[in-house]
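Participant: Given next are the chains, with one letter for each unit.
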Amino acid sequence: GAVVSQHPSRVICKSGTSVKIECRSLDFQATTMFWYRQFPKKSLMLMATSNEGSKATYEQGVEKDKFLINHASLTLSTLTVTSAHPEDSSFYICSAHRQGASGELFFGEGSRLTVL
Amino acid sequence: KNQVEQSPQSLIILEGKNCTLQCNYTVSPFSNLRWYKQDTGRGPVSLTIMTFSENTKSNGRYTATLDADTKQSSLHITASQLSDSASYICVALYNFNKFYFGSGTKLNVKP
Numbered sequence: 001g002a003v004v005s006q007h008p009s010r011v012i013c014k015s016g017t018s019v020k021i022e023c024r025s026l027d028f029q030a031t032t033m034f035w036y037r038q039f040p041k042k043s044l045m046l047m048a049t050s051n052e053g054s055k056a057t058y059e060q061g062v063e064k065d066k067f068l069i070n071h072a073s074l075t076l077s078t079l080t081v082t083s084a085h086p087e088d089s090s091f092y093i094c095s096a097h098r099q100g101a102s103g104e105l106f107f108g109e110g111s112r113l114t115v116l
Numbered sequence: 001k002n003q004v005e006q007s008p009q010s011l012i013i014l015e016g017k018n019c020t021l022q023c024n025y026t027v028s029p030f031s032n033l034r035w036y037k038q039d040t041g042r043g044p045v046s047l048t049i050m051t052f053s054e055n056t057k058s059n060g061r062y063t064a065t066l067d068a069d070t071k072q073s074s075l076h077i078t079a080s081q082l083s084d085s086a087s088y089i090c091v092a093l094y095n096f097n098k099f100y101f102g103s104g105t106k107l108n109v110k111p
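Sequence lines, in order, name chains A and B. Under the numbering used here, the residue at position 30 of the first sequence is numbered 30, and the numbers go up by one with no gaps. Under the numbering used here, the residue at position 41 of the second sequence is numbered 41, and the numbers go up by one with no gaps.
I should point out that these hints are in silico values taken from the structure, not numbers from a laboratory. Among the hints, erroneous ones may be present.
Dumping the calculated DSS-like pairs for lysine-lysine here, alpha-carbon to alpha-carbon at most 25 Å [as the list claims (entries may be wrong)]:
id, chain 1, residue 1, chain 2, residue 2
1, B, Lys106, A, Lys66
2, B, Lys106, A, Lys41
3, A, Lys41, B, Lys57
4, A, Lys55, B, Lys98
Chain B on its own, in the form it takes in the complex:
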C-alpha cells in the first residue's frame, strides 16, 4: 500500500533551537519527494524537492535528506525562528502522476 507517514505529529521547540522532522514512505515506484511548509490559513509552499538519486538538499535554514534504500526522509531546521511555526508536509510522487501526502508535522516555535 502506497502511503506516507510523518512524525512527530506535533513539536514544540524554543526559538534558536534546531529540530528534525521525519517522513517514511512506502510509495513505489517512487519519482520524487518534496517538503512543503503550510502556514495557518495559507496554501502550502514548497521547501525542497528531491529525486531518488539525491541525498540532501538545502534551502536556507532548511535541509532535507533522503535515503531511498530505507525510504526515509528528514527535514532539519537550523536556528529556528518564530516564523517557522507552521505545518510541514511530506509528499511523495508515485510514478510521476500521483501524489501521496503525509498528515504533516505541526511545529510551534516559542520565544
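With the rest of the complex left out, here is chain A:
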C-alpha cells in the first residue's frame, strides 16, 4: 500500500535554531500534502495545506513566517520551524492526498519536536 515517510521522527534542538521536517510520499505523486500539529491528548490541528509548485495555504492563526512550507516536488514537502522556541515543542504530522476515485489520505508517522 501507499506509504508516507516522515523524517526525522524525533528531534531535539536549542531555542533559536531552525528545524526542518520532511514528508515524502513513497509510491505515489501527491500534489497536495497537509501539515498538522498535535498537542498531548488533543486532536490533530491542521496547520497548512501544501500545494506542489505554489504557496502553501495556512490556517487561521498559524504564522507562515514561523512555519515555512515548501512543496518543490510531487513527492516531497518540508516544514521548517524557524527560530524555534519551547512553545513550538509538539508532535507534527504530515499527510499526503492521493487523488483519484477514493481520494485516499495517507499519514506520516509524525515528528516529535522538543525545543530546549
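Fit chain B to the supplied structure of chain A, relying on the hints for placement.
Facilitator: Okay, now just chain B, sitting in the frame of chain A:
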C-alpha cells in the same frame, strides 16, 4: 458550517467486549468518509473509507456504517483487544478537495 463531531470523547471497555463509536457530519457536498486509528505517538492509519453510496464496510473486527441521509457514521469494534486502545478519528472529505476532521474518540481497552 462544515464540521464533523464525534462521540463519545472517550470510552473505557473491557477486553473482549464490543463498542460503537459515533460520527456526525454536516459536510456538504460530501465526497467520502473515513475512519482512522491513531496510536499514541504515531500517525493515523486508515481503517475504512466509504462513499455516500456505501452503507457498510468491514476491516477485520472493525465495521463502519454510513447513513448519508442522516449524515451519521459509526465504527463498531468487535471482540476488543488491548491493542485497540487508541484514538479513532472520523474524517469527511468535502467536494473531493478539503478534509474535515472530528476531534476523535479515545478508546481504552482494559484487561
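Participant: What are the numbers of the hints the structure violates, in ascending order?
Facilitator: 1 and 3
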